[in-house]
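Chemist: Sequence:
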Amino acid sequence: MAVLLDRRGSEIKITEELVKAAAGGYCGVEKMTLLLDRRGPEVKITEEVVKSAVRGYSGAEITELLLDRRGAEVQITEKVVLAAAEKWREDVLKLLLDRRGTEVKEVASRSVPVKRRLRRMGIEIP
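At the far end of the sequence shown sits residue 126, using this note's numbering, and the numbering has no gaps.
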């Protein structure tokens with residue numbers, strides 16, 4: 001990806017699909033870091049991107065990167081929490097609870113499927 005951005009950077013459009021692929025794929029941390037470093041303003045952190053990150057190969061690491069670098073844009077929604085829970089990503093859920101616990105608990109309090117899924121994983125939300 002670095003070579004492509006170096007040689008053809010101006011020709012590469014940063015789309016949601018590209019960002020989702022970087023967030024959820026193999027070597028996601030490296031790819032996402034590269035995109036954020038080189039094309040940061042063009043990288044939009046949508047709900048779909050966050051879902052891809054939490055489900056991805058490097059789920060906790062990429063989620064932590066997004067929270068560290070673009071935390072204000074990372075929305076903790078029912079779909080995001082369910083995406084992590086459906087993949088049994090306990091590492092991601094613990095990270096989200098640690099960093100954005102109030103939002104996760106708020107989502108769980110409004111969503112029976114989220115609460116149920118978290119309970120199955122041994123994570124109790126009052």
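Just so you know, these hints were derived from the structure itself, not from any lab.
Hints are not guaranteed to be accurate.
[Stated by the list, open to error] Below 27 Å or equal to it, Euclidean Cα-Cα: the simulated DSSO-like pairs (lysine-lysine) are:
(1) K20 / K105
(2) K105 / K87
(3) K94 / K115
(4) K115 / K87
(5) K44 / K79
(6) K44 / K87
Remember, it's a predicted structure, so these values are computed and weren't measured experimentally.
Chemist: Taking the hints in turn, state whether each one holds.
Modeler: Against the structure, the hints:
| no. | hint | result |
| --- | --- | --- |
| 1 | K20 / K105 | 25 Å, holds |
| 2 | K105 / K87 | 19 Å, holds |
| 3 | K94 / K115 | 14 Å, holds |
| 4 | K115 / K87 | 15 Å, holds |
| 5 | K44 / K79 | 18 Å, holds |
| 6 | K44 / K87 | 24 Å, holds |
Violation of the numbered hints given earlier is absent; every hint is satisfied by the structure.
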